[in-house]
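Residue numbers for the sequence shown follow the working numbering, beginning at 422 and rising by one.
No lab work stands behind these hints, which were simulated from the structure alone. Be aware that one or more of the hints could be misleading.
Unchecked claim - With a Cα cut of at most 20 angstroms, we get these calculated SDA-like pairs of lysine to any residue:
#1 K508 to V455
#2 K651 to M743
#3 K477 to A540
#4 K722 to L770
#5 K576 to I547
#6 K722 to T660
#7 K583 to V634
#8 K753 to C738
#9 K651 to L619
#10 K671 to T624
As the list claims (entries may be wrong) - What follows is a set of in silico ranges between Cβ atoms, one per label pair, in the way DEER data are often shown:
#11 K449 to K722: 20 to 30 angstroms
#12 P569 to A778: 35 to 45 angstroms
#13 F448 to G652: 46 to 56 angstroms
#14 L780 to D479: 43 to 53 angstroms
#15 Q458 to L741: 52 to 62 angstroms
The beta carbon of each residue, even a glycine, is placed where N, CA and C say it ideally should be.
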Amino acid sequence: MQDLFKLTDETDLDALSNCMETFIEEFKDELLPVAPQLVARLCESYNRVLEEQAAKADAEAEAGDLETDASKLDTDDKTMALMGITKTIATVLACFDETEEVDPRFLEIQEFIIPIVTATLKSQVIELYDQAWEFVDNLTFRSRKIVPNMWPIYKITYDLFKGPAIDYLDEMLPPLCNFLMFGKEAFIQNPEYIRMALDIFITSLTNDHLGDVDAINGFKLVEAVLLNLKGHVNDAIPTIINATVTRMGKSESPNLQIAGLDTIINGIYYNPVLTLQALEQAQGGARAFFDKWFAAMNSPKGLPRVHDKKLSILALCELLKMDTNAVPPTLKEGWSTLVAGALAIFKELPEAEDRRAALLEEYEDDSDEEDMEEDLVVGPPADDEDGDVFDEETAYLDMLAEEHARLRAKQAKRIAKLTQGAEGAIAADDDDDGEYAPSESGSDESEET
Numbered sequence: 422m423q424d425l426f427k428l429t430d431e432t433d434l435d436a437l438s439n440c441m442e443t444f445i446e447e448f449k450d451e452l453l454p455v456a457p458q459l460v461a462r463l464c465e466s467y468n469r470v471l472e473e474q475a476a477k478a479d480a481e482a483e484a485g486d487l488e489t490d491a492s493k494l495d496t497d498d499k500t501m502a503l504m505g506i507t508k509t510i511a512t513v514l515a516c517f518d519e520t521e522e523v524d525p526r527f528l529e530i531q532e533f534i535i536p537i538v539t540a541t542l543k544s545q546v547i548e549l550y551d552q553a554w555e556f557v558d559n560l561t562f563r564s565r566k567i568v569p570n571m572w573p574i575y576k577i578t579y580d581l582f583k584g585p586a587i588d589y590l591d592e593m594l595p596p597l598c599n600f601l602m603f604g605k606e607a608f609i610q611n612p613e614y615i616r617m618a619l620d621i622f623i624t625s626l627t628n629d630h631l632g633d634v635d636a637i638n639g640f641k642l643v644e645a646v647l648l649n650l651k652g653h654v655n656d657a658i659p660t661i662i663n664a665t666v667t668r669m670g671k672s673e674s675p676n677l678q679i680a681g682l683d684t685i686i687n688g689i690y691y692n693p694v695l696t697l698q699a700l701e702q703a704q705g706g707a708r709a710f711f712d713k714w715f716a717a718m719n720s721p722k723g724l725p726r727v728h729d730k731k732l733s734i735l736a737l738c739e740l741l742k743m744d745t746n747a748v749p750p751t752l753k754e755g756w757s758t759l760v761a762g763a764l765a766i767f768k769e770l771p772e773a774e775d776r777r778a779a780l781l782e783e784y785e786d787d788s789d790e791e792d793m794e795e796d797l798v799v800g801p802p803a804d805d806e807d808g809d810v811f812d813e814e815t816a817y818l819d820m821l822a823e824e825h826a827r828l829r830a831k832q833a834k835r836i837a838k839l840t841q842g843a844e845g846a847i848a849a850d851d852d853d854d855g856e857y858a859p860s861e862s863g864s865d866e867s868e869e870t
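Construct all of the structure, not just a fragment, from the sequences and the given hints.
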């Protein structure tokens with residue numbers, strides 16, 4: 422390993438990182454005791470390459486030089502070297518996957534990784550954003566706590582979202598949710614942190630540059646706010662509900678409608694009185710929401726996830742505990758159907774859990790097959806029949822594509838794990854007896870949804 426480190430410092434060849442990854446995977450038991458020293462050495466190499474890249478960019482900017490092909494190639498080489506180092510560090514972190522308790526060596530490693538994540542985000546190297554936020558996600562999720570020197574990254578992430586990285590909410594979402602889940606005390610003590618999270622949510626719904634996928638991520642973020650900060654964001658409930666109802670009215674996307682409904686259901690679970698009051702003031706009123714909610718319960722594809730069903734059960738329980746005097750007049754007529762709705766969801770819950778288990782098993786099987794295919798690939802691909810030649814640029818683009826696909830798959834699995842632990846969900850039930858006495862217009866809207 423020392424020889425590989427020496428060669429890396431001399432050449433910055435990203436191929437050496439692949440050698441290190443293989444070495445670590447094959448001898449992880451032997452290397453695990455010295456994992457902190459290994460990561461510290463990798464972080465030193467990372468900082469050196471990042472500083473060289475930044476210094477070169479600053480020198481060219483001061484001289485007013487235009488980017489040449491040679492300059493771009495050198496920058497791409499250093500970016501590939503940085504990506505290779507991050508993948509090697511990720512391989513070391515993966516060695517701790519099988520440890521049930523938090524290993525002290527993992528916490529020691531965390532202290533080496535946080536500075537390079539901070540430097541990467543501050544340097545705004547967009548090709549490395551994915552890996553930087555994945556490190557934050559990995560470290561916070563595995564350690565189950567937010568160490569003090571991790572909080573500046575939360576602020577940097579917010580600033581980047583409000584600036585040049587507004588398109589990266591998908592990558593920011595897992596670490597942001599971890600900050601809320603494992604750092605809730607810091608949010609309670611620092612209202613500015615809450616303001617940042619809510620501002621990201623509102624921006625994701627209202628910014629013209631962002632689409633439905635970003636809005637869905639915004640809904641997921643505010644869901645984490647409501648679940649983890651119960652009783653501490655009362656003043657924000659009207660804003661959250663109004664923004665959600667307004668955004669749902671601008672899109673017919675089924676996924677966005679589900680995410681929007683979940684957000685309002687979360688609001689009911691958080692505080693039913695405040696949420697119903699806010700719904701009464703929102704477009705369509707509380708009755709329109711309840712029509713959609715109960716229609717979704719009675720639709721096979723309405724709100725099919727385990728998360729949706731559990732959240733609905735919890736919200737319905739909160740509604741049943743309400744003082745009837747606090748129930749809006751528009752809802753009193755169908756209030757007795759709440760019990761039937763809860764029973765319908767309970768009936769569908771086991772089937773949803775079976776579907777989720779099957780999907781997770783299928784995902785793990787697919788991941789194993791992909792790993793086997795990767796093990797069979799040795800060296801660059803041969804020239805294809807169309808005459809395309811494998812060159813440095815092709816290697817760079819392929820590496821970016823593979824890294825993007827890998828991170829997307831890992832993020833999907835992580836979010837699946839997170840939703841298993843959160844309370845939330847709506848059932849899909851075909852029995853018409855579970856309807857919340859919907860109006861005719863409410864039925865039409867639910868079918869479109």
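A quick look at each hint next to the structure:
no. : hint                             : result
1   : K508 to V455                     : holds, 18 angstroms
2   : K651 to M743                     : holds, 17 angstroms
3   : K477 to A540                     : holds, 16 angstroms
4   : K722 to L770                     : holds, 14 angstroms
5   : K576 to I547                     : holds, 17 angstroms
6   : K722 to T660                     : violated, 29 angstroms
7   : K583 to V634                     : holds, 17 angstroms
8   : K753 to C738                     : holds, 16 angstroms
9   : K651 to L619                     : holds, 14 angstroms
10  : K671 to T624                     : holds, 15 angstroms
11  : K449 to K722: 20 to 30 angstroms : violated, 43 angstroms
12  : P569 to A778: 35 to 45 angstroms : holds, 38 angstroms
13  : F448 to G652: 46 to 56 angstroms : holds, 50 angstroms
14  : L780 to D479: 43 to 53 angstroms : holds, 48 angstroms
15  : Q458 to L741: 52 to 62 angstroms : holds, 57 angstroms
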